[in-house]
Amino acid sequence: MWKGIVEWLEVRIGLKDFLREQFTEYRVPPDINIFYTLGIVAFFAYIIQAVTGFFLLLYYIPHSEHAFQSVQHIMTEVPYGWLIRLMHVVGSNLMVAVVFLHLISVFIMNSYKKPRELTWVVGGLLLLTTLTFCLSGYLLPWSQLSFWATTIVTNLPTAFPYLGDWLAYLLKGSEQVSGTTLNRFFALHVAFLPPILVTLFGLHLFLVRRIGISRPPFSKNYPPPSSWTQYRHEEYPEGIPFYPSFFIKEMYMVVLYMVIMFFVITFMPTLFLPEEASIPADPYTTPLHIKPEWYFLAPYQMLKLIPNKFLGISIQLVLLFIFLFWPFFDTSDERDIRKRPLLLTVFFLTIGVWIILTIWGKYS
Amino acid sequence: MQRRGFLKLLAAFFTSILSGSFLYSFLRYLAPPSKSSEASKIIVAKAEVAEGQAKEIIINNTPAIVINRPGKGYIVLSRVCTHLGCLVKYEPDRSRLFCPCHAGVYNLDGKVISGPPPKPLPKFPFRVEGENIVIG
Amino acid sequence: MKRILVLLVIFTVTGVASGGFKEKFIEEFVKKPWGAPPSQESVCISCHTSDLMKEEFKEIVRQWRQSWHAKNNISCHDCHGGDPKDEKMAMSEERGFVGVPSYTEVPEFCGKCHAGVLENYYKSGHGMALKNDGTGPNCVICHGSHQIQRATIDIINEKRCSQCHTYERAKIMKQALFSTEKKITDLYDAIERLKKKGIYTEELYKEVFRTEADFRLLFHEVNVSLIKESTDDFLKRLSKIEEKTARLFSELRFRQNFSAFIMLLLAGLGIVIFLISKRGP
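Protein chains in written order, with the working numbering: chain A, 94 to 457; chain B, 64 to 199; chain C, 34 to 314.
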């Protein structure tokens, strides 16, 4: 039976050839390291979000009168609703963490350099899409936490002169965060963003495979920079086969990701759902300690520290621009970060400032 | 080689229990227990609630009240105050519903007139069939 | 490359230049309670905390800030009337200002909101004594006024009750209340713990509150035999709620066990895959 199906497919689409090319004969660099698996882990994290998200959609009601109750219904009355919601909630945070780690490892290995500038830019756009996913999803439970965190974030555009208020209004669809905002964010979360994410992801993967996977720049026999002017696919004839050697490492990391997810669900189920998350949204009572999610804390704290708000938001946009187009700013030929003290300093400074701002934002 | 085979078997074992657990919980999620286990219909005879009168009932464990509003017909409201959950009392002479805990006042449509309640009293659907009022 | 940098500089410079125009935003961004209509501070408070006031008047606000009323956003004008938005008319009788009620007016003053308690209080020996010859204790004798706290059974104590009569009867009363009160406090504790664990407890809280309120109303008649008669009934009602909380706790335990089970399976799988990858070809 099984053989019959394989044979049937083989005749029509050349399955064996395809698998050989893409898996067994596809070779990855011999000195590839474990950080190369983070991309696939992130992909897997998205899949979990998509699946659990779909299941949540079966019972969720995107209406300000019913949203909170429907989420509580999922949590308490629908069998195993808690499992699916917690996977979605914990997964969204872990997903951002994995994406950040992926970004950091790519940065340290300077993999964004020629010819992979475009891969970096698309990756950056993927990160922004992910964060928009998080932002829009955060409002949907319609709890005090989600309502007020969203109010803070949607107020940020008002820092722009002239256009600011209009932009904020456009985002919210009303003066304050309201039922209209909920519907907007819901539409973003389930209809607008997914196809964008899938497209960007497809492009990202296409670029990775078309250009060929990069090599870690740390080994002694790393080739000196060459200035090619023509397209060429980077191959590693003496590398290790993708399947099964590298594939099994990826699987191992994916399982590790899930272990962490279930560790959080088992021992810290309220890590991302503090008390305010189980109070329905109330536009007339501002809770005392509302903070944006941890990944937004650093930019949030930075905005609070800069005395002029428009300057603050401008600086952030400039930084975002630099981040997104970083490969075009970093024009050095050297790829080994250990031989680039300046880049190393910039890296540690950025990470350090980010962490300090996050902690500061958390406890201020 | 034997050890490798054993490891593979073990991996298959873990994977199948895992997929089983997920499949089980996801299927249970898709088929929640049906709610209509007990018929939640309540019948009140019209004769029991004369004009201006009311009758206290319990629908699905929620205390409620059927009021025959003078000139405006029947209405079925929850008696649970939306402030902190005390039970409101019908005061026919002042045609209002009054919560003794913090003096919340509702009119006979369930709307908040004064006091701390944040929301109107929930209404229950009903229809009049002959000599009866069927609620639920 | 250079062009981009130039653009960035222009962008930033214009940004800084035009930024001042939104200075108000700084204020709003850092201090404003987000999104909600700006909550105007009551003029009662701003005046009563100012240095123009006598120490004893300032003390009122200080006490109120500690109170259960303050925690529930019950402000001066909710009891004393007047207009908290208009400095000139704040204490005008036209706007319903009441000021300090006399000793015998206090029950009506509090009873504006605590209507049910008022009714039962007047049925009690306490209330009747007050009504008849102005001698009985009014609300503030037991509960205090501005610094009012959530009522507990500890309000009944020898020091307070023996100001007027022997503690013996009060003690019997306290004993009659004890089991019900204990169950109520335990339930509130349980609800608080459930809330911390991410369970939506509002409905449950309301159910306990309703029972507690009924019990408190009844208590204000200060009639021991009435309390004793109805205790069984109240305990039954409370036990029903207790069953619900117990079910929620066991549900939480089940969840933890289930996800721990999945975690262990995953960890096992992870270790096996790791071992396989180590001895790979």
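Wrong hints could be hidden among the right ones.
To be verified - Straight-line C-alpha distance at most 27 Å; calculated DSSO-like pairs for lysine-lysine: (1) B:K152 to C:K261; (2) A:K109 to B:K152; (3) B:K71 to C:K311.
As the list claims (entries may be wrong) - Every beta carbon over 10 Å from chain C, so not counted as near; a handful from chain B, in silico: (4) T78; (5) S88; (6) L90; (7) P96; (8) I120; (9) E194.
Derived by calculation from the structure, the hints in this document are not laboratory data. Just so it is clear, CB atoms sit at the ideal spot from N, CA and C, and this is done for glycine as well.
Structure-based check of all given hints:
1. Using a Cα cut-off of 27 Å, the hinted pair K152 of chain B and K261 of chain C holds, with the two alpha carbons roughly 25 Å apart.
2. The hinted pair formed by K109 of chain A and K152 of chain B fails the criterion: a straight-line CA distance of about 78 Å is larger than 27 Å.
3. For the hint pairing K71 of chain B with K311 of chain C, the CA-to-CA distance comes to about 13 Å; that is within 27 Å, so the pair holds.
4. Non-interface call for T78 of chain B relative to chain C: violated, since the shortest CB-CB distance, roughly 6 Å, does not exceed 10 Å.
5. Residue placement check: S88 of chain B does not keep its beta carbon more than 10 Å from all beta carbons of chain C (closest about 8 Å).
6. Interface exclusion of L90 of chain B from chain C stands, the closest Cβ pair being 15 Å apart, more than 10 Å.
7. Residue-level check passed: P96 of chain B sits 14 Å from the nearest beta carbon of chain C, beyond 10 Å.
8. Under the 10 Å C-beta cut-off, the non-interface status given to I120 of chain B relative to chain C holds; the minimum distance is some 17 Å.
9. Even its closest Cβ contact with chain C, about 34 Å, leaves E194 of chain B beyond 10 Å, as expected for a residue assigned away from the interface.
In summary, the structure is inconsistent with hints 2, 4 and 5 from the numbered list given earlier, while agreeing with the others.
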